[in-house]
Structures are given as structure tokens and as C-alpha cells.
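Dock chain B against chain A, hints included.
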Amino acid sequence: MHPFVRRALIGADSSAAETGTPVDALVSREEAPPWRILLLAGAWGAWRKAGFTPLPPAASPVPALDDPSPALPPGVARLIEEALAGQGAELLPELCQRARDRGRVLPPALLPLALSVTEPERRALLTPILGERGRWLAAQDPSFAWGRSQDADLEELRRRLFEEATDTRLHALRAIRRHDPAMGLSLLKDLWPQETADHRARLIAALDEGLSMADEPFLELCLDDRAPQVGRAAAQRLWRMPHSRLGMRMRGRAEDLLRYKPAGQGRIARLLSGAATLRLVPPDEHSRALSRDGVSEPGELGLGPQAWWAAQILACVPPSRWTQRHNLSAEGLLSLLKPEDFAAAEGLSRAALNHQEGSWALPLWRWWRQHEHHPALSRGRAAHWREELLRVMPPAELEALIVELIQAHAAQDTNVLAAALAATPRPWSERLGRLWLMSLKESLTELETRRELPGLLWWELHLHDAALGLPASLLPEAEVRLSDRFVGRRWRLMLIQFQDTIRRRRALHQELP
Amino acid sequence: MSTPEELLAQAPDRSTQVAARRTARAGLWDQLGRDEGHLWGCFQAEEPFWVMVDLADGAGRCGCSIPKRPCHHLIALQLLAAETPDLLRERPAPEDVTEWQRRRRARQRGADAERPVDEKARQRRIAEREKKVRAGLDALKLWLCDRARGGLVSLETSGDADLTGLAARLSDAQAAGLTGRVHRLAELVGASDDWPERALLELGRLALIVEGYSRISRLPEPAQDELRGLIGWTTRTADLLRDEPAVLDRWLLFGAATDTAPGGALKVRRSWLYGQETQRFALWLHFCPEQRALEPLPLQVGEALHAALHFYPSPSPQRAALGERLGGPEFVLNLPDGDPSVEVALERAAAVWGAQPLLERQPMHLQRVTPARIDGRWRVSDDAGLGLPLTSGDHWALIARSGGHPLRLMGEWDGEALRPLACAAPGGPLTVVGG
Chain A
5 MHPFVRRALI GADSSAAETG TPVDALVSRE EAPPWRILLL AGAWGAWRKA
55 GFTPLPPAAS PVPALDDPSP ALPPGVARLI EEALAGQGAE LLPELCQRAR
105 DRGRVLPPAL LPLALSVTEP ERRALLTPIL GERGRWLAAQ DPSFAWGRSQ
155 DADLEELRRR LFEEATDTRL HALRAIRRHD PAMGLSLLKD LWPQETADHR
205 ARLIAALDEG LSMADEPFLE LCLDDRAPQV GRAAAQRLWR MPHSRLGMRM
255 RGRAEDLLRY KPAGQGRIAR LLSGAATLRL VPPDEHSRAL SRDGVSEPGE
305 LGLGPQAWWA AQILACVPPS RWTQRHNLSA EGLLSLLKPE DFAAAEGLSR
355 AALNHQEGSW ALPLWRWWRQ HEHHPALSRG RAAHWREELL RVMPPAELEA
405 LIVELIQAHA AQDTNVLAAA LAATPRPWSE RLGRLWLMSL KESLTELETR
455 RELPGLLWWE LHLHDAALGL PASLLPEAEV RLSDRFVGRR WRLMLIQFQD
505 TIRRRRALHQ ELP
Chain B
851 MSTPEELLAQ APDRSTQVAA RRTARAGLWD QLGRDEGHLW GCFQAEEPFW
901 VMVDLADGAG RCGCSIPKRP CHHLIALQLL AAETPDLLRE RPAPEDVTEW
951 QRRRRARQRG ADAERPVDEK ARQRRIAERE KKVRAGLDAL KLWLCDRARG
1001 GLVSLETSGD ADLTGLAARL SDAQAAGLTG RVHRLAELVG ASDDWPERAL
1051 LELGRLALIV EGYSRISRLP EPAQDELRGL IGWTTRTADL LRDEPAVLDR
1101 WLLFGAATDT APGGALKVRR SWLYGQETQR FALWLHFCPE QRALEPLPLQ
1151 VGEALHAALH FYPSPSPQRA ALGERLGGPE FVLNLPDGDP SVEVALERAA
1201 AVWGAQPLLE RQPMHLQRVT PARIDGRWRV SDDAGLGLPL TSGDHWALIA
1251 RSGGHPLRLM GEWDGEALRP LACAAPGGPL TVVGG
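One line per chain: the protein sequences are A and B, in this order. The first sequence begins at 5 in our numbering and counts up one residue at a time. The second sequence begins at 851 in our numbering and counts up one residue at a time.
If we strip away everything but chain A, and leave its shape as in the complex, we get (with noise of 0.2 Å):
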């Protein structure tokens, strides 16, 4: 501190107060004292001001190269801008993906906000455009580092993996495991000893990235693991894959609880042995083995504990694996299986997703359908499934399901249509775009002609995935009019929140054909 400013700190009825400026000669030393150090005070300000020296040479970064790729249209740049700050936010994949497909880098006024963004999720989207600019602005402050280069950057990747909070140690995990999934397993295997229990179990999930049977030692180390949450993270990737060990158990375990007949040959055989079956037969007793392969033990979802049991050993297996052994079809095997089995329908649907077996994904879906209302299933799980086998659905399916759905246009289906429409990969069909926009525009005639409000629901839970999933090609004619003789508030708002994202979507198409 200024010895100055000190004294008038400490209040100094005395003359001795100075600057030791030039100044001071211009205050007469008659002043009363407190007033001449507020004169003097006054006058030293204007001194500072005029004869500020200006800050000596300091070593500046390396400019940055120019960029070969050109900035997006001030219009597109706006776009990402106003989904940064939340308005329109779902639409970042979209303008972040055809950014990068037509080589367009973000504008250098939007970087500061680019690389202020924290979601992993929204990084991965926008590393690609930060381009030369955005790459050299990362590397003039530690917080923007990780636009320094792509994920291929492994140097600063292993930095975070060893340095940083649990959550962005799984999210560069992950991203060292997408790079180089050998190197991502043996990183982590170089963590292991130092790492709690709960670390333990949360960083295993970073092998999801790449996982394979080069993972599968490891893992099934892992399964003797003291913490019983690590051995059961370990085992839920060995669920998903077949040829591992514990695969093979739950296999071997598999074929001994489902149980197919086939029916007799001849009608002769087929009086006397019945028509074929297939059933399922619990085990009678958990075991340590079972615990071991992640086989948890109180039952769930209404079901009993042994059927709960068969129903985590069936999801392990591959449904194809059924339709092989036994020669049948998906749909001629589940046509045997009974309501009351429905632990078995609940294992095969588990399978499905879990192996990814998108012919089984259909038909599963028909069977919870056709049973929905019977007694013996618990409330809630037909349902369940029928919105989460529609992840696995090869597309053309689904899309021949949803136009279905559409054209049935039945209220309980509202659930399983926004699941399908939000599992349709974007941008949608043609022909079902022009399906479901020919279906909006019905519903709102009718709104408009009835005065009444048919469907809310309906289109409420859809509307969002549609002004999202319409192709380019339909965006002009999904801007619906609003007329005057509309009601309902709810109606009002829902359409110009779709009529906001087409919109959107629509200066994009313009802007970046």
C-alpha cells in the first residue's frame, strides 16, 4: 500500500501526509490538514491518470493459423448460440452434425461460449466445428482445454483420467476406451489397486466403449472381487457377451430351465404326447455360483424369486440361440409360451436388448400385446416392454409398426407411439413423415371444425420427436397454420413450441443446404 493511502487510512490530523509526487508542491500546506490530504488525494488521481506508463513487453501466445474451413452462416451460428442458452436446445445434435458434414467451423464470437460448456455430451458434439481457432483459443486457458484437439488427444485424456473428479475420469475413460479400447483396459487396469469400491464399480462401465472378448479375463477376474457392487458391474457386461465364461454358464444353466416339446409326429403321437410345448422351470435355490455371475436374489417386478432368477439366467443367453436349437421361428417359439410363463417372456425380452437381436424384437412385442391384459402378468409390464423392445427394432420394422400405430390411431397405443417415433432414427421416412403430418393436419381440421380438443395426449407426447424427426424435404409443409377460430390454450402452446423447432430446422436446410 501506497505509505500515503496509509496514513489517510489510519486518519492523520498532520501535515506530513504526502504523495512524494510533484503534487504535493501544488496544495499550499496552510490547508487544514485533513482537507489538504483530500485536495492532494484529488490531484494525485489526475496525475496517475494522465501519466499511467504503459505495461512493459510480456511473452504473447503463437497466433493462431488460419482456418481452411469456412465459418458457418451468421444465420446457423444463431441457431447454436440460442441452443447453448436453452432456447431450442434439442436441436444442438442436428446443427452440430450438418456443421460438421458440409466442413463448417463455429464463427470466432461464439467460441468463448462453445468452450464454456461443461456436459460431455454437448463437448463430443461441438469438437468437431471448434476448428483452428476454437483448437488455439482451448489453449489459452486451462478451463477451455479440452477443445485443445479431439478425442484423440490421449495425453490430455490419461492427464484427466489420473487427475480429475470421478465423472470426468469415466467420460475421458470412455473416450480413451472409443480410441483405443486395449489401451483403455489396461489404463484402467493400472488404476485398479488405488481405487475405492464405488470408483471401482462405476469405472467398469467405461468398457462399454468397445466392449469385447479381449475385456473378458478381466471381467471375469472382477467377479471375485470383494465388493459385491464391483462383481455385479463386472457381470452385467458379461451378460452381453455369449462366448464369455460366465456366458457359457448361464447358457448351460439356460437350456436346463426352458424346456421345449415338440409335438408328436403322426396324429396318432400327437393324441397321445399332446401339442408341443415350451415352459420354464425355475431353479429351485439361489447358490453362490449364481450370486458369483451377478445373479441377484430377491425377486422383482411382481415376480417370484425363482422366477426372477430364470428370468436374469434367459437374458444372457442370445434369442437366436432358442430359434436354432430348436428349429422354430421366434413367433412359433413364443406361440407355445403361456401367460403364466411370462418369466420366460420377460428373460427373451431381456436378451433382446441386451445382444442387440432385433428379429426377436417384433414378435416379444406382439406376444406382451396379445397378453397385456391377462391376469397372471404384473400391471405395467406389457406395457414396459412393448416401449423398450421398440429400441432394438430393425428400422423398417418399427416404421411398419408405427404406421400401424398411426393409422389405428388407438389411445392406449399413445405411449408406444411417442416411444416408437423416439426411437425411429432421425431424420424419419418420407413416407412416414408424410404419414404422421397428414395425421396432424386431420386432428387439427377436426379441432378447428368440432371446436373440441381430440387427443391432447395423443399428440402432446409425439409433437416434439415429430418437429425433430420430419425430413428436410417436409419441413415447408409442416408449418401449420394457426387460425383464429382455434381453441385451447394447450393446444395453442404445443404447436408454436413445434412450430418453433420446424422453424429452426428450416433455417438450417436454408442456410446450410
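Among the hints, erroneous ones may be present.
[Unchecked claim] Covered stretches of chain B, going by a simulated chain A footprint (3 or more residues, C-beta under 8 Å): (1) 1192–1200; (2) 1217–1229; (3) 1250–1260.
[As the list claims (entries may be wrong)] Listed below are several chain B residues computed to face chain A (Cβ distance under 7 Å; list not exhaustive): (4) ARG875; (5) ALA989; (6) LEU992; (7) LEU994; (8) CYS995; (9) GLU1047; (10) LEU1058; (11) LEU1183; (12) GLY1237.
Hints in this document: simulated from the structure, not taken from any laboratory. Backbone N, C-alpha and C fix where the C-beta goes; we use that ideal spot for every residue, glycine too.
Using the frame of chain A, we list chain B on its own:
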């Protein structure tokens, strides 16, 4: 017509901006239309109401009951016109709109009408005010001496109430120009590690004003006017336009900074204009209550107005009011040269402070500087490497634009730090940064 960003910037707060965005949907409006100078539309609420805007001055009328102005309906209507002009076709104005236009014109005529001036009464009012101000400043001097005697620590112990009370007394003494400085003092105390030094300098400036006023009759006339202005005498714009000479030029808007005045009641915008022929800067001020939005400027940064400015009297005239407008705004292709180095810019600033030491800040236009953040400090450096510190805050947008290359920079220099307002890459247009 303003851009959507500018229109949204007029909103008094964030919620109005969001609401305006939501309301700018064709489906919510009926009978949208426009003529040469106005926009209008009927907003479809439960009870529909008219919203209308005069394009000449951005004034508007809205039938809603929201007290904020401009409300989100007024902004939304202009957004619609800016973004989807096809929706607002030219058509005859409906009766409500013509009636409003008629009333506005009548009011304006009334305001413009000349009123006879009672010179005697005016002189009496001035004398009374001089007396009150003198008494107010005497009291201020006593207060300042008490603080200097008790030490700056006494500012911390006496609390905000002491300073708020002082500000109120100065306001009563018709020295309202000083209340801002007292509020600033209250904001400074304890706010940073170096607050004693900052507070001392602020107290010093107050002391210089008090001392200057005690011998005002001995000062040259422009200095007298300047000092009165600092204390709170206002000059009516009409008087200024009548009494001060018009400086005709193409005035380029170089940048604008908006702040909340100390005390928090007022928003103030400082727009820096540059006369392309007279080669001088002018400060154009706008104020409005904190919760309201400032009226939009008639030109963008990088554009020029062909107009007459009238400068407020001062030893180093800076503040000006806009007089007659002859043309524009027009985009300026060839920007004037800025100072070639930090040293030249500092010398120029020193000369101005020599003439007017109480000036708070000056415009600074540097031709080639490179912004950077070095060891956690923001700075710009010229080609010789000499630098100026930037104000605290976030200057990444400026650094991103420069990419480590030199650029033209316009900002406000307060003797300690430079506040960037606009920049331009070599040969490129001016872009707003900060403000």
C-alpha cells in the same frame, strides 16, 4: 428497422425477452399491418387488444396491463415485422391506430410550443439554487474533513447508512450530480483489497469539486459550466441546441457502453461518436430508469449519421447532443486511423486530462493491438509489445476474434484500464465486443 437482437435488447428484463420471443408468432396475432411509419396488430388474448409502434422513434402503445415498457407485446410485434415482414402488409390503419397517431401528434405539438420565459424569475431561481448548493457543499466539506481526520477506516465502520444519508442531503441541496459519486464510494468500501486507495481517490475528486466550486467565479467560463454540470446543473437540450454552435459532420458510432449508474436507479448508455472530418470524439449520453429499456440508437456501431452535434461547454468538450439530422445512417467503409501505438494514445489522453482533470474516462482508438490473457491478466499490446490492462471481466470474445493477431480496438480508457467496446480485423468491419 432494427435487428431482432436489438429489439430484444430493448426489453427491460430477461423475462420480457423470453416472453417476446414466445409472443412473436403469427398465430397469436390478428389484423397485422403497417403503413409508412407504423406497425400494428391485434393480440389474441382472452380479450384481444391493439398493439402499435411508431417506427420513427420506436414509441409504442399496447393495450395490455403489464407495467413494464416496452412490454413483450411491443417487442414481439417489431420482431414479427423484422423476421417475417410478409406478415405485416401495407394497408390502411384501423381506427384505433389512427386515433393514437392523432393524439401523439397533438401532444408533440403541445410540447414544442414556445412558452414565454420570465427572466426575473429565472434569475431568482438560479440565485436560490446557488445558495442551496453552496450550503450543501459546505456540509460536504465538513463531512469529508471528518472522514479524513478519522481515517478511511471510519468509512467502513460508519456503514452504508452514513453514505446514503449524505447522498440524500446532497440531493436535497440540488447537488444531485454528486450523489452518484457518493453511491460509488459506498460500493467501493470493502469491495476489494485496494479499496482504501480507490476510496481515497474518490474522496479526493469530491474535494476537488468542492474546492473548485468555492472559487468558481475565478475559473474560465467553460470550466465553470463543466463544474456546474458535475455538481448537477442540467442544461436543457433545447437551450444547448439554441446556444451552442452546431458541429456538422458524418458521425461514426464507434462503440457504446451501458452501465447502471452508482446507486442502481438509473441505466446510462455512453455512445462514442467520431466526426470523420472534424476528427474528434463526442460522447452521446442516454439515461432511463433501471427497470426500463433504453431507447434504441438510430444507428449501429460502424455506421455514420450525417448530423449536427452541439457540445456541452467544457475546457475539453466531450459530451454532445444530437441536433439536426441530415442523412444516414450509412455504413462506413473506410474507418479512420486510430493511434498507432499505446504511447501515442496515452499522450493524447494525458493532454485531455491536463485540461480537464475531473473527466472520468476518454475514448481510445488503437490501430493495431493484440489482446491476450497473460498470467491471469487481460491486456492489449501494440507492435512494440507495450501494453494496457483491460478492465476486469471476460474478454475471451475479443481474444477469439483476434486469434493472437493484431486488430483495431476502440474502447474507454479510465486511466487504469481499457474497456473494449468494438474491434475490427484489418480491413474488416467494426464489431461490438463487450459494452
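*Interface hint status, LEU1058 of chain B versus chain A (Cβ within 7 Å)*: OK, holds: LEU1058 of chain B within 7 Å of chain A, min 4 Å.
*Stated coverage of the segment 1217–1229 of chain B by chain A [criterion: 3+ residues, CB within 8 Å]*: Contact hint for the segment 1217–1229 of chain B vs chain A: holds, 6 residues under 8 Å.
*Minimum Cβ distance from GLY1237 of chain B to chain A below 7 Å?*
Constraint on GLY1237 of chain B satisfied, holds at 4 Å.
*Mind checking, does the segment 1192–1200 of chain B have 3 or more residues with a CB under 8 Å from chain A?*
Check passed, 5 qualifying residues.
*asked:* Under 7 Å is the threshold here; is the Cβ of LEU1183 of chain B close enough to any Cβ of chain A for the hint to stand?
replied: violated, 20 Å
*Hey, does the GLU1047 of chain B contact hint survive, CB to chain A under 7 Å?*
holds, 5 Å
*Against chain A, does the segment 1250–1260 of chain B show at least 3 residues with beta-carbon separation below 8 Å?*
holds (count 5)
*asked:* Hint CYS995 of chain B vs chain A: min CB-CB distance below 7 Å?
replied: Since the shortest Cβ distance to chain A is 4 Å, the answer is holds.
*asked:* Just to be careful: measuring from the Cβ of LEU992 of chain B to every Cβ in chain A, is the smallest value less than 7 Å?
replied: Where the cut-off is 7 Å and the nearest Cβ of chain A is about 10 Å from LEU992 of chain B, the hint is violated.
_Interface hint for LEU994 of chain B, Cβ within 7 Å of any Cβ on chain A_ = Result: holds, 6 Å to nearest chain A Cβ.
*Proposed interface contact between ALA989 of chain B and chain A, which counts if any beta carbon pair is under 7 Å*: At 14 Å from the nearest chain A Cβ, ALA989 of chain B fails the 7 Å test, so the hint is violated.
_Hint validation: ARG875 of chain B versus chain A, beta carbon distance must be below 7 Å. Holds or violated?_
holds, 5 Å
When held up to the earlier numbered hints, the structure conflicts with 5, 6, 11 and fits the remainder.
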